[in-house]
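Engineer: Top to bottom, those sequences are chains V and A. Just so we're aligned, residue 146 is where the first sequence starts under our numbering, counting upward by one. Just so we're aligned, residue 146 is where the second sequence starts under our numbering, counting upward by one.
Hints in this document: simulated from the structure, not taken from any laboratory. One thing to keep in mind: the hints can contain errors.
For chains that are exact copies, the list does not tell them apart, and a pair is met inside one copy or across any two.
With a Cα cut of at most 20 Å, we get these calculated EDC-like pairs of lysine to aspartate or glutamate [stated by the list, open to error]:
#1 K227 x D259
#2 K227 x E275
#3 K162 x E272
#4 K164 x E275
#5 K162 x D218
#6 K227 x E182
#7 K227 x E267
#8 K227 x E272
#9 K162 x D259
#10 K162 x E275
#11 K162 x D243
#12 K164 x D179
#13 K162 x D236
#14 K227 x D156
#15 K164 x D234
#16 K164 x D154
#17 K164 x E192
#18 K162 x D254
#19 K227 x D243
#20 K164 x D259
Protein chains: 2
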Amino acid sequence: MTGAVRPTDLDPSIAAKLKRDRDGLLAAVAQQHDTGEVLMVGWMDDEALHRTLTTGRATYWSRSRQEYWVKGDTSGSQQWVKSVRLDCDGDTVLVQVDQAGSGACHTGDRTCFDAVLLPAVEGSRPEPAEPAVRTDTPAADPDAASPS
Amino acid sequence: MTGAVRPTDLDPSIAAKLKRDRDGLLAAVAQQHDTGEVLMVGWMDDEALHRTLTTGRATYWSRSRQEYWVKGDTSGSQQWVKSVRLDCDGDTVLVQVDQAGSGACHTGDRTCFDAVLLPAVEGSRPEPAEPAVRTDTPAADPDAASPS
Numbered sequence: 146m147t148g149a150v151r152p153t154d155l156d157p158s159i160a161a162k163l164k165r166d167r168d169g170l171l172a173a174v175a176q177q178h179d180t181g182e183v184l185m186v187g188w189m190d191d192e193a194l195h196r197t198l199t200t201g202r203a204t205y206w207s208r209s210r211q212e213y214w215v216k217g218d219t220s221g222s223q224q225w226v227k228s229v230r231l232d233c234d235g236d237t238v239l240v241q242v243d244q245a246g247s248g249a250c251h252t253g254d255r256t257c258f259d260a261v262l263l264p265a266v267e268g269s270r271p272e273p274a275e276p277a278v279r280t281d282t283p284a285a286d287p288d289a290a291s292p293s
Numbered sequence: 146m147t148g149a150v151r152p153t154d155l156d157p158s159i160a161a162k163l164k165r166d167r168d169g170l171l172a173a174v175a176q177q178h179d180t181g182e183v184l185m186v187g188w189m190d191d192e193a194l195h196r197t198l199t200t201g202r203a204t205y206w207s208r209s210r211q212e213y214w215v216k217g218d219t220s221g222s223q224q225w226v227k228s229v230r231l232d233c234d235g236d237t238v239l240v241q242v243d244q245a246g247s248g249a250c251h252t253g254d255r256t257c258f259d260a261v262l263l264p265a266v267e268g269s270r271p272e273p274a275e276p277a278v279r280t281d282t283p284a285a286d287p288d289a290a291s292p293s
């Protein structure tokens, strides 16, 4: 079914904004609407997006099972939709949800990103340049050192 | 270059955890580390992940230009890496960053999700079932009504 176009009731004016991958899918980032936690990333075709926009429940396309997947129908961990935003190039949606149940991850974790922290060098923005400090105190002059 | 394997210095023990798409890429969600804002979604191959983990700067693979892209090198809007997490099935990373400059989006917006809010029906988790209330007060008995 890869790349096949499945029938959809998605509003054509929304469909026209989408830039799908070669399998006809958008990436969908699910975020807890109040805490900001990134819960998981799934995939949506036009019809999954339509169902997400119209049913109040986040609905994905399962690439492995090649079927629609209403999050929580099996696990009880529903995602209740609060808002859906499309990104600037039309290939990703940000779905803000209220995550019910034990969490978003099939492992039982709250988010799919809880388990594996990779070792990373932390970066920091450079300190702002110090304003040039004018000192009226003359530089120490070795010749002026008090005799020892 | 689609699907080609580019040379990389990524730690093999990390590389072994990755489940890349057919172009050899992972989705990478960039999130502002302190506010939780989802800034953008980009793509990383093994070497982009290696550079992200080791340089303190979020580094992506540009699918359109087919080259590495150190976020902010051109725009000044660097992403300073705070942490990198891999998801449960190894195909997505969550990169928590400190977003510098005007923002993450090439349009000048703070995030790539600022511009397009799609019309969505809001969902809400059902109210918890009311606990059965036992009342010891007998139901009002019309026969016991005080005479009017």
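Engineer: Against this structure, judge whether each hint is valid.
Structural biologist: These are the hints, each one checked on the structure:
1. When the C-alpha separation of K227 and D259 is checked against a cutoff of 20 Å, the pair qualifies only between copies, where the shortest distance is 15 Å, while the shortest distance within a copy is 23 Å.
2. Proximity of K227 and E275 under a CA criterion of 20 Å is satisfied in neither setting, with 44 Å inside one chain copy and 24 Å between copies.
3. In this homomeric assembly, K162 and E272 never come within 20 Å of each other (Cα to Cα): the closest approach is 41 Å inside a single copy and 36 Å across copies.
4. For the identical chains of this complex, K164 and E275 are neighbours neither inside a copy (45 Å) nor across copies (45 Å), given an alpha-carbon limit of 20 Å.
5. In this assembly of identical chains, K162 and D218 lie within 20 Å of each other by CA distance neither inside one copy nor across copies; the values are 29 Å within and 29 Å between.
6. Proximity of K227 and E182 under a CA criterion of 20 Å is satisfied in both settings, with 14 Å inside one chain copy and 15 Å between copies.
7. In the homo-oligomer, the alpha carbons of K227 and E267 lie at most 20 Å apart only across protomers (5 Å), although the nearest pairing inside one protomer, at 33 Å, exceeds that limit.
8. With identical chains, the CA atoms of K227 and E272 are at most 20 Å apart between copies only, with a shortest distance of 16 Å across copies and 38 Å within one.
9. Within a single copy, K162 and D259 get their C-alpha atoms only as close as 33 Å, which misses the 20 Å cut-off; across copies the closest is 15 Å, which meets it.
10. In this homomeric assembly, K162 and E275 never come within 20 Å of each other (Cα to Cα): the closest approach is 46 Å inside a single copy and 44 Å across copies.
11. With identical chains, the CA atoms of K162 and D243 are never at most 20 Å apart, being 26 Å at best within one copy and 30 Å at best between copies.
12. Taking the closest pair of Cα atoms, K164 and D179 never come within 20 Å of each other, the shortest separation being 28 Å inside a single copy and 30 Å across copies.
13. With identical chains, the CA atoms of K162 and D236 are at most 20 Å apart within one copy only, with a shortest distance of 9 Å there and 26 Å across copies.
14. When the C-alpha separation of K227 and D156 is checked against a cutoff of 20 Å, the pair qualifies only within one copy, where the shortest distance is 19 Å, while the shortest distance between copies is 39 Å.
15. For the homomeric pair K164 and D234, the shortest alpha-carbon distance inside one copy (7 Å) is at most 20 Å, but the shortest distance between copies (24 Å) is not.
16. Taking the shortest Cα distances, K164 and D154 sit within 20 Å of each other inside one copy (17 Å), while across copies they are farther apart (32 Å).
17. For a Cα distance limit of 20 Å, the shortest separation of K164 from E192 inside one copy, 14 Å, qualifies, whereas the shortest one across copies, 26 Å, does not.
18. In this homomeric assembly, K162 and D254 come within 20 Å of each other (Cα to Cα) only across copies, at 18 Å, whereas the closest approach inside a single copy is 34 Å.
19. In the homo-oligomer, the alpha carbons of K227 and D243 lie at most 20 Å apart inside one protomer (7 Å), although the nearest pairing across protomers, at 26 Å, exceeds that limit.
20. With identical chains, the CA atoms of K164 and D259 are at most 20 Å apart between copies only, with a shortest distance of 17 Å across copies and 30 Å within one.
Consistency note: the structure conflicts with the earlier hints numbered 2, 3, 4, 5, 10, 11 and 12.
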